[in-house]
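The sequence shown begins at 1 in the UniProt record's numbering and counts up one residue at a time.
These aren't lab readings, by the way, just hints derived from the structure by calculation. Incorrect hints may appear among the rest.
Derived pair list, reagent style DSSO-like, types lysine-lysine, alpha-carbon separation capped at 27 Å [stated by the list, open to error]:
#	residue 1	residue 2
1	K141	K156
2	K141	K123
3	K15	K123
4	K123	K156
It should be emphasised that the depicted structure is a prediction, and the values quoted were computed from it without experimental measurement.
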Amino acid sequence: MIIRPVRFDHPDAVKLNDEVQAEYAVRYGDGGDATHVDPAHFMPPAGLYLIAYDGQDRPLATGGWRSQDASDEGYLDGDAEIKRMYVTPAARGLGLARRILTELETDARAAGRTRMVLETGTKQPEAVALYASSGYEPCAKFGYYRFHELSLCFAKPL
């Protein structure tokens with residue numbers, strides 16, 4: 001497996017984003033994650049978007065971080081927000097999400113961010129388990145879904 005940075009609007013990123021949105025729609029019975037995401041949010045040094053590829057250059061997993069600072073949506077100065085973590089069904093259980101998460105944390109720390117934050121949901125127990133086992137703890141809700149009852153927010157100091 002090789003993990004490499006790509007733009008959020010790269011065709012492979014778009015493909016995997018479409019897949020994760022479809023999975024959210026099934027799990028939550030809605031149209032997917034409505035959080036505004038712009039490709040510019042993930043441009044270094046204010047963010048990063050990664051895709052893990054197999055030996056045949058097939059995209060298997062993805063994730064990114066984007067800078068956030070204090071706002072009325074509950075972010076704090078120095079936050080790095082994780083977005084669009086996803087592993088294709090065929091590649092689950094290979095440790096790709098953990099590898100991408102570690103690279104995102106390392107990059108955000110190097111960019112001067114002080115806290116990694118993420119929002120997931122109650123219908124994503126695999127994500128909750130990954131984040132809990134990686135040192136993330138529940139925090140005050142933030143972001144687009146901060147008032148949604150199925151939303152869970154986590155943070156980890158960098």
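Okay, the hints, checked on the actual structure:
1. K141 with K156: holds, 14 Å
2. K141 with K123: With Cα atoms ~17 Å apart, K141 and K123 stay inside 27 Å; holds.
3. K15 with K123: Since the Cα atoms of K15 and K123 sit roughly 22 Å apart, the hinted pair holds (cutoff 27 Å).
4. K123 with K156: This hinted pair holds, its Cα atoms lying about 21 Å apart.
The earlier numbered hints are all upheld by this structure, with none contradicted.
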